[in-house]
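**Student:** Take a look at the letters that make up each chain.
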Amino acid sequence: MALLDAQALLEKMIPAAKDSLGHEWDMVSELAVSSLTTLSQNITNISEMAAHGTISVEKAQLMTDMQKSAFKTLLLSEEGLGLLAVEAALNAVIKVIRSIVNTTIGIAIL
Amino acid sequence: MRTNQLVFKHTKLLTLIFSAVVSLALSCSVTLIGPYDEVTDYGIQEVQGEIFVVLVTIKKNLINNQGQDNAYLNFKATYNLIEGRIENLSIRSSTLPKYSLIVQQLTALQNSVEDLERIHQIGLNTKADTSVINTIENAFSVQFRSMIVLQNGLKRKIR
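From first to last, the protein sequence lines stand for chains A and B.
Quick note on the numbering used here: the first sequence kicks off at 1 and runs consecutively.
Quick note on the numbering used here: the second sequence kicks off at 1 and runs consecutively.
It should be emphasised that the hints constitute simulated quantities derived from the structure, not laboratory data.
Among the clues, some could well be false.
Computed list of lysine to aspartate or glutamate pairs in EDC-like fashion (alpha-carbon distance at most 20 Å, straight line) [what the hints assert, rightly or not]: (1) Lys-72(A) with Asp-41(B); (2) Lys-59(B) with Glu-117(B); (3) Lys-127(B) with Glu-48(A); (4) Lys-155(B) with Glu-87(A); (5) Lys-72(A) with Glu-87(B); (6) Lys-18(A) with Glu-58(A).
With the rest of the complex left out, here is chain B (with noise of 0.2 Å):
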């Protein structure tokens, strides 16, 4: 009798283990983050161009004694540029399947760029606004390359 019992028991967890895998083989492959977006990816890369181009433009200026040129109103028309770019880059990603990382990766992006044009209203002309901006300009590198680093995993993904 207890045997009989054993010997079902033991069938019963085999055949669970088979269907396991089984369902596993069946299922393809797994996917827990979403593929490689090359638009994304290029966006990215673009708003990385065009931050890093205001930002050498103001120490430029500031290097060179022309501080006045980096009055807020000469750049306002970049940030609206560069914000709306990432906004739009946030919505394509946003409907994309498993791609809740990256989206919250623009959403902090966004927030360095409005902290940064909120800085340049409260003013970026004076010689001491070169430290303000190197550490701005470090905080930006770390942040573009985190981005890259994890495009390039995706990248790797579909080769």
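Next comes chain A alone, as it looks inside the complex (with noise of 0.2 Å):
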């Protein structure tokens, strides 16, 4: 059985994770680097175990699994950074454009 490079498999998860985040990604790249970082070495200590006969298939596949939800927990969090990104740049525009809109009347009617 082939060994896991874990950096070969950090180098192909970043620009995946980064493709599918797009703009979203320069906000959340510190925490998913570090963690995909973290999951990729996971993943080849979990091969190379199984590899060497340390632990049986049924266990690999179960802290594969577990590897599999961190990474789901991580993009789950980063799609909600990003829904509080967009949240805060809408009411940013909306509390500008009340400001203008009183402003230009004289009065508070927004």
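Since each chain comes alone in its own frame, lean on the hints to assemble the complex.
**Tutor:** Structure below.
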């Protein structure tokens, strides 16, 4: 069984995450890179343990499943942080509109 | 004739833009994700503490050559407690508006705890299992760090 290279795995994981997150990447890159580094190292360790027979196939599958759950949680957080950023931007625009309209009219109608 | 049509179109467009701006401003604020919930945040941190106590206990027993103390039955009640707590948090979160992301995170966390429990049932009593526990600990760290970062983001929203 060929062994996995954690760095090579990471180099493929980061661009994939970057592509899927688009412009939100800059905002979440720090959390994403450190988490993906940990997960790629974990996957490499699991494959090595399975290849050397240190753990059973069932244990390896369960441990891999845990990495998937951790990755899913990471993506959900990034989605949430993206929504928070969009929400903040929209509300800032609304605040400006309200201020301009009220100033122009001279009374606080909004 | 053509000038009149152009003026009409222009006025209509301006009216539409003005209406949109007023409607937008009248809507007060936009909410895309639910507000911060202290009970959920503290609940996640409580579960994190309980899971790490389990992991540290297992690891110390392995390091001290007391692998027999890692028998699944010694931890069964703790697993039930943790899984019950996560289920409780999921039910609460599912009743909160726009909280589906957090509910999905709690489901993923429940899956991880069930996987850990299954691994424990298979056995975590040899020195070699220390590497297994280290890998599991790293995965939980990523999972909890992600959840806490989102909770902190929600907390910043209310300030």
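**Student:** If a hint holds in the structure, say so; if it doesn't, say that too.
**Tutor:** Outcome of the hint check:
Among the hinted pairs, Lys-72(A) with Asp-41(B) is consistent with the structure: their alpha-carbon atoms are about 19 Å apart, no more than 20 Å. Note on Lys-59(B) and Glu-117(B): the hinted pairing holds, with a Cα-Cα distance of about 15 Å set against a maximum of 20 Å. Simply put, Lys-127(B) and Glu-48(A) have alpha-carbon atoms about 16 Å apart, close enough for the 20 Å limit, and the pair holds. Of the supplied pair hints, the one linking Lys-155(B) and Glu-87(A) holds, its CA atoms being roughly 14 Å apart against a limit of 20 Å.
Distance restraint check for Lys-72(A) and Glu-87(B): the Cα-Cα separation of roughly 18 Å lies within the 20 Å cut-off, and the hinted pair is therefore satisfied. Between Lys-18(A) and Glu-58(A) the alpha-carbon distance is near 32 Å, which puts this suggested pair outside the 20 Å criterion.
In the structure shown, a violation is registered for the earlier hint numbered 6 alone.
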